[in-house]
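Student: All chains should be modelled from the sequences, with the hints used to inform the complete structure.
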Amino acid sequence: MQGRWRRVVRTPLGLTATVLVVAVVALAVLGPVLWGSGAGAVDTDAILARPSARHWAGTDNLGRDILLRVLVASRLSILLALLATVIAVVAGSLLGSAPFVLGRRTGRWVSAGVNIAVAFPGLLLALFFAVVFGVGATGAVLAIGLAGAPAFARLTQTLVAGVAARDYVAAARAVGIGRFRILLRHVLPNIAEPLVVNATIGAGTALLSFAGLSFLGLGVQSPSYDWGRLLYDGIGMIYVNAPAALAPGAAVLLAGLAFNLFGESVAKGLGVPVGGGLRGVGSARAGAASGPERTDQGEEAGDRSPEVVLDVRDLEVTVSGPSGPVRPVRGVSFDVRRGEAIGIVGESGSGKSMTALAVTRLLADHGRVDASRLEFLGDDLLAPDTAVRRRTLGTTLAMVFQDPMTAFNPTRRIGAQLAEVATRHQGRSRKEAMARAVDRLTAVRIPDADRRARQYPHEFSGGMRQRAMIGMGLMGAPALIVADEPTTALDVTVQQQVLDLLAAIREADDVALILISHDVTVVGEVCDRILVMYAGRIVEDLPAAELATAARHPYTRALVDAVPDMNTDPTEPLATIPGRPVDPADVPPGCAYADRCPLADARCEAEDPLLAADPAAPADSPRHRVACWQAGEPLPVRPDDRSIDDLVESP
Amino acid sequence: MPATLTVPSPPVDPARPRLWALPSVRFGVRRLRRLLVSLWVLVTASFAMIHLIPGDPVRGALGPTAPADLVAARRHALGLDGPILVQYLHYLKGLVTGDLGTSLASQLPVSDVVAQRLPATLILAGLAFLTAVVLAIPLGVVTGVLTRRGRGRRTELAFTTTSIIVATIPDFLIGVALVYVFAIQLGWLPVAGDATASAYVLPVFSLAIGPAAILARIVRVEMVGVLEADFIRTARAKRLPARAIYVGHALPNAVTAALTVGGLLLGALVAGTVLVENVFAWPGLGSTIVRSIITKDYPVVQAIVLVYGVGVLIVNLVVDVAIALLDPRSKIRED
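In order, the protein sequence lines correspond to chains A and B. Each residue of the first sequence is one higher than the one before, counting from 98 in our numbering. Each residue of the second sequence is one higher than the one before, counting from 798 in our numbering.
None of these hints come from the bench; they were simulated from the model. All C-beta atoms in this analysis are idealised placements derived from N, C-alpha and C, irrespective of residue type, glycine included. Mixed in with the good hints, there may be bad ones.
Claimed, not checked - Short, incomplete list of chain A residues facing chain B, as computed with Cβ under 7 Å:
id: 1; residue: Thr203
id: 2; residue: Phe225
id: 3; residue: Gly233
id: 4; residue: Ala234
id: 5; residue: Phe277
id: 6; residue: Leu280
id: 7; residue: Leu281
id: 8; residue: Leu313
id: 9; residue: Gly346
id: 10; residue: Leu354
id: 11; residue: Gly491
id: 12; residue: Met496
id: 13; residue: Ala504
id: 14; residue: Asn506
id: 15; residue: Thr508
Tutor: Laid out in structure tokens, this is it:
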């Protein structure tokens, strides 16, 4: 508790506010004692005097010192504000807890009334009550207190509802304790803290509102005076003696701010501290001091056929974690050829999505991307972004994201979101672009595309949105579609439709595809080649056809084994890979998989294997690469402890 | 054709769903109902105002020495001499026919007083709200972009602290400070009235600065949140220029929440004109209601409270409709 309060004082704002509140309260207590007689003293020689050495803020129409009057007025101002706050809090918490005590039916009427009252601004309510209770200090206290009540009622209602849902309240109810007793013993103690904090803020607001009413001449009446009344007197002579208005104005402002900010700081200090999380650290080219230290052996280095759509060499992604930089992608090299479908598989945290976002330059603020080469259609993607490159990428590189529910802008029509690509990058008119959008929606098999284009994303089903997303990628003439878990968030029945659509597009237009998935079966079905990722590395790169028969990395083989098929014994538990994936913040020196690998020996623990063409691989698949010291060694038979859970990524 | 397991669907033309099923119709009906209930509460409250005054309001207004026949005449003039239900119905009938009673002070029809004073207040509130929005949105968007993903911690702290402090300062104190600086010290702008265009500057800014600070803060928080959203990544995947992403995709989503608060602010701003009008001797409803409260001119007070209340209700309605248009999901969310 003490630590939490210390946190309040530790921020500069909180400290200032605390000091101010203490000073204002001290002034309220001592002011009238110290300067009470001085403030009332009439100086007939100096009526309406301007500031002087004798009267720092000048004098009023009776020759009384304005500064002393401002100091003395602190007590009445603060007292009245506190009284009004007490009224607001008491009336508000009574109204707010009424629904709990009175039960649902009567309570509904009370909360409906509160809801209507809250919709009207406080000052309007205060004016209403000022009429009812009459002009003067008493009327103003009641007016401001009651005007503040609905807001407190709303707050109490919310807080009570929150506590009322908890188990101990239910338990108390179950044993037959009365609602009123529950409210007093279980609910109120639990909501006292936020109520007090808000009351502090409320006191500041009440102080300022009170000054407002007095300033209008509806609050404190002569011969009594509070800050608002002094301001009322002062504003009339602002041209003669500005401090007469400025001094009480400054006083009320300072005091009001003090209470308000003190309350806000306490609220913030007692609340949950804001966490750090991952922060972006800019972007830089490889070759700098922090460049990749060691990486995969690229395939056919030097041979950059024009057929290569995407060329990635030594890709690294660095994000800053809570304890220093973390590298979720640690040196990845691969290329994608025209029309080729590449699957990237791996457990969650293996860096596959990071890789996809990094090669498409969509990582932005999330982390830093380093590579010795990153080229798309011969364009250097590591170079600074230009309008020309945006146009090229916007029309030739399509993305499909995991969650179609959140990937569309909810405030714009689907058609407009597609058409934007054409108006922005292809210089088409709005009408042409819209026609193209409808055409593309038809192409991705959305029925009644003309009408659908005019609908909002929330009117689309998940599968239809994912198809529309693919359609968005087809607005240009894509050379590559990067699909990051495109079916994970979808219903099983529509997953196949989306995969079929991707396959059809690929075939029709010779479009390359990178399909990221945790599902080996999906990838094996759609793709030509598969990259298996583990702990930010590619551990095996093999033709999809060889997946079931010729996988050489023990991790790949474990992944394949973990997939149940028609021959899997349903009475046996499903297969798993024992152990946990590597924490990217703490990667071991040797092979990252060694810890979980049944073949691991001393070398695996010490030396990290490179991804290289496997000499033992069949001669007819020269592009088969593997990063393992024990590649192809027979696995020991382990029929026990297997389940698929560790493989399945939560969407 | 093989038998399929389809349930026969009801014969509804998919292009024209039943009226009640349309989200916008349901939304409209619900919203209208709430408006009517609030309006009824408001009218009843303004009627009840006089009756809630402790003691005898007429005697209170005229003083203890006033002759009995004057009190009776005044009571009759206020329509306070029949059974309460009759008074209430009479009051409602008056409202429907546009008869708001007669001012006790000026003997003019209250409707004339209101009609004469309303435009000045409307213009003041409208200009102030526009100014607040014009100041707040660019400020919020820019700071939001600068402080996204935990960047610019110092900017964020400075901005948040300043906006909290500025938002706390009541409009009439801002008014006094502006008068001191721009009218008295610099002599650039007039201090009172609405005779010239330059006379609008200080009152409008007095009213606008506070709401602008709050609004800018909300727009910033919303921008920071929206910039994390998946659809922003989609927009980036479309390779739109930064400005198109921030203004075209992020802003509409950030503005929805800002509008909700903006509606409350505009309501408060309507009421805030009362104080600011009194600082600047603005010939609107605000200066009139205060004078009428002090002189106990109840018919005028009742009418102006009603006008302010209706103004707030209209603002709330407009905001709700605007949100529904901007964010099509909100119509359903409320269901």
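Student: Any CB of chain B closer than 7 Å to the CB of Phe225 of chain A?
Tutor: holds (6 Å)
Student: Against chain B, is Leu313 of chain A within 7 Å by beta-carbon distance?
Tutor: With a closest approach of 5 Å, the Leu313 of chain A hint holds.
Student: Is the interface hint satisfied for Ala234 of chain A? The criterion is a beta-carbon contact with chain B at less than 7 Å.
Tutor: Given a least distance of 15 Å, the restraint on Ala234 of chain A is violated.
Student: Does Gly491 of chain A meet its interface restraint, that is, does its C-beta lie within less than 7 Å of any C-beta in chain B?
Tutor: holds (3 Å)
Student: Does Leu281 of chain A pass the interface hint, meaning its C-beta sits closer than 7 Å to a C-beta of chain B?
Tutor: violated (31 Å)
Student: The hint names Ala504 of chain A as touching chain B; please verify it with the least Cβ-Cβ distance against 7 Å.
Tutor: holds (5 Å)
Student: Is the hint on Asn506 of chain A kept, meaning its closest Cβ partner in chain B is under 7 Å away?
Tutor: Interface hint status for Asn506 of chain A: holds (4 Å vs cutoff 7 Å).
Student: Hold the hint about Thr203 of chain A up to the distance rule: shortest CB distance to chain B must be less than 7 Å.
Tutor: With Cβ-Cβ at 17 Å, over 7 Å, it is violated.
Student: Should the hint that Phe277 of chain A touches chain B count as held when the rule is a Cβ pair under 7 Å?
Tutor: Violated: closest Cβ of chain B sits about 28 Å from Phe277 of chain A, beyond 7 Å.
Student: Should the hint that Met496 of chain A touches chain B count as held when the rule is a Cβ pair under 7 Å?
Tutor: Holds - the Cβ of Met496 of chain A comes within 7 Å of chain B, reaching about 4 Å at its closest.
Student: Does Gly346 of chain A meet its interface restraint, that is, does its C-beta lie within less than 7 Å of any C-beta in chain B?
Tutor: With Cβ-Cβ at 5 Å, under 7 Å, it holds.
Student: Quick one, is the Gly233 of chain A hint okay against chain B at 7 Å, beta carbons?
Tutor: Nearest chain B Cβ about 11 Å off; hint violated.
Violated hints, listed in ascending order, are 1, 3, 4, 5, 6 and 7; each of the other numbered hints is respected by the structure.
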